[in-house]
Amino acid sequence: MSWGTELWDQFDNLEKHTQWGIDILEKYIKFVKERTEIELSYAKQLRNLSKKYQPKKNSKEEEEYRYTACKAFLATLNEMNDYAGQHEVIAENMTSQIIAELVRYVQELKQERKSHFHDGRKAQQHIETCWKQLESSKRRFERDCKEADRAQQYFEKMDADINVTKADVEKARQQAQARHQMAEESKTDYSSILQKFNHEQHEYYHTHIPNIFQKIQEMEERRIVRMGESVKTYAELDRQVIPIIGKCLDGIVKAAESIDPKNDSQLVVEAYKSGFEPPGDIEFEDYTQPMKRTVSDNSLSNSRGEGKSELKFGGKSKGKLWPFIKKNKSPKQQKEPLSHRFNEFMTSKPKIHCFRSLKRGLSLKLGATPEDFSNLPPEQRRKKLQQKVDELNKEIQKEMDQRDAITKMKDVYLKNPQMGDSASLGHKLGEVSQNIEKLRLETQKFEAWLAEVEGRLPARSDQARRQSGMYEAQNAPSVNNCAQDRESPDGSYTEEQSQESEVKVLATDFDDEFDDEEPLPAIGTCKALYTFEGQNEGTISVVEGETLFVIEEDKGDGWTRIRRNEDEEGYVPTSYVEVYLDKNAKGAKTYI
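Under our numbering, think of the first position of the sequence shown as 28, with each following residue one higher.
Worth flagging that the hints you see were computed from the coordinates, not collected in a lab. Quick caveat, the model's predicted, so the values are computed rather than measured. There's no promise every hint is true.
To be verified - When the alpha-carbon atoms are kept at most 30 Å apart in a straight line, the in silico DSSO-like pairs for lysine-lysine are as follows: (1) 173 / 137; (2) 300 / 289; (3) 300 / 274; (4) 87 / 259; (5) 281 / 83; (6) 60 / 83; (7) 159 / 54; (8) 259 / 84; (9) 411 / 582; (10) 435 / 425; (11) 289 / 437; (12) 43 / 149; (13) 472 / 582; (14) 159 / 83; (15) 421 / 84; (16) 223 / 165; (17) 165 / 141; (18) 421 / 465; (19) 411 / 421; (20) 84 / 472; (21) 54 / 78; (22) 141 / 259; (23) 223 / 57; (24) 411 / 435; (25) 242 / 84; (26) 43 / 57; (27) 425 / 437; (28) 141 / 159.
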């Protein structure tokens with residue numbers, strides 16, 4: 028089967044068919060291109076989805092991902108990110124191996140098709156030219172024959188007429204002969220052109236057109252094969268990523284199988300365990316004793332005094348109550364013990380200290396965190412302190428490694444002066460040594476707090492310590508006991524709600540006592556680079572160009588504590604001020 032023999036007269040239809048084939052190929056290219064756009068859009072949406080649910084750094088969400096269920100979810104997000112990457116790979120491979128190749132092939136195909144049909148049109152034009160020549164010689168031959176016939180008839184007529192002279196007859200005879208001669212030449216010319224045309228026509232229909240159509244047929248078959256290969260590649264590119272996608276799905280399944288509810292439960296214990304012992308039984312407070320007394324047994328004054336003493340004892344014997352324990356309260360029963368409690372606060376210095384711890388607890392609720400984590404329950408405080416000690420030890424080790432490296436470099440410079448000046452490293456070595464010393468002091472401070480917490484934490488096994496702490500309050504009313512017995516896991520008081528409200532009322536009366544605390548000394552000055560509106564609790568507003576005192580450096584959290592005057596102090600972002608520390612101030616750094 029050959030287009031050259033079967034379709035020798037379908038030049039125009041073949042031209043339309045080959046153009047349709049190229050259009051189909053371009054339509055397929057457009058389809059693959061839109062598929063790649065869908066893959067890229069899908070991959071982008073998957074990545075955005077994974078990013079949207081990723082835990083934010085240095086946030087509470089990041090701490091929640093300690094649990095195995097959250098870790099499995101995080102692994103799912105990561106696997107979905109890899110899953111999206113495979114769709115990007117599909118799009119990239121389709122673009123490079125299908126779209127780019129087919130676009131280049133289509134350009135070559137158009138050029139080849141144009142060349143073949145140009146040759147076909149050229150052959151058509153040649154055979155049409157030969158046909159026109161044949162028609163022209165044929166008409167000329169026909170015209171010359173007719174004129175020769177007319178000339179012959181005219182000669183015969185003149186020759187038969189007796190009235191015509193011989194000269195006229197001879198002239199007619201010569202014209203007839205000339206016409207016959209021209210007819211013979213036209214005949215010869217026509218015969219030659221006819222033979223040539225027949226030869227060209229044979230070549231056209233049996234050689235030129237079959238060859239051209241055969242090339243067009245081969246071109247079209249190559250196009251069909253190439254499209255089939257592209258469709259196969261389309262499927263193979265999808266199949267190539269299936270193993271990796273399967274690994275992503277296997278990773279999600281593995282993460283799901285790694286979920287351990289027991290481990291998560293243990294993490295909850297570690298996260299929220301306070302270290303406090305459960306409160307002991309509440310002792311019975313007998314208010315019927317004054318009623319049983321008679322006037323004859325005791326005087327009115329003695330009765331009142333003993334009543335006060337009994338009430339005082341009863342007020343002090345109240346056990347530690349947690350926020351979730353509700354107690355029936357009677358205003359009449361609370362009034363006298365509270366008055367005695369307030370008298371004790373006013374006359375006892377340790378009680379004032381307890382007010383200070385209360386004020387500290389209240390301020391902590393507003394956002395400030397003490398350096399020793401005293402706002403946390405014992406167990407959580409111990410973990411925070413241990414974490415801080417570990418971080419400081421790592422920093423010390425890092426500084427020591429740096430010191431060792433500088434020392435070795437200094438030794439090398441001493442042995443080989445041409446490599447560098449050893450004296451230039453002395454200043455840097457001194458700074459590193461100072462940093463190590465500061466870090467060690469800081470570590471010792473936190474280790475002391477840690478030892479204090481670890482000394483307090485356990486034991487409380489005997490009945491007296493397991494109960495409300497009444498005997499500790501009576502026998503040793505020290506600062507530590509006051510803070511220990513009256514603080515709950517969140518650092519606030521755990522007395523009845525009515526006592527808390529009255530303590531808050533009295534707290535305003537003891538502001539003078541709080542203000543007697545010595546303010547922090549200034550360790551330098553600072554200049555405000557920008558205006559800062561301190562709208563949150565614990566912050567202070569500053570105006571650009573304002574000069575203030577620095578009373579606490581940035582501890583790494585991005586905030587510096589400053590003072591404007593004796594009554595105004597607070598925190599501002601470190602990046603908003605330019606700090607000038609006093610070199611002589613304790614703990615101040617030497618840089619400006």
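Violations among the numbered hints, reported as their numbers in ascending order: Structure breaks hints 1, 3, 4, 6, 7, 8, 11, 14, 17, 21, 23, 24, 25.
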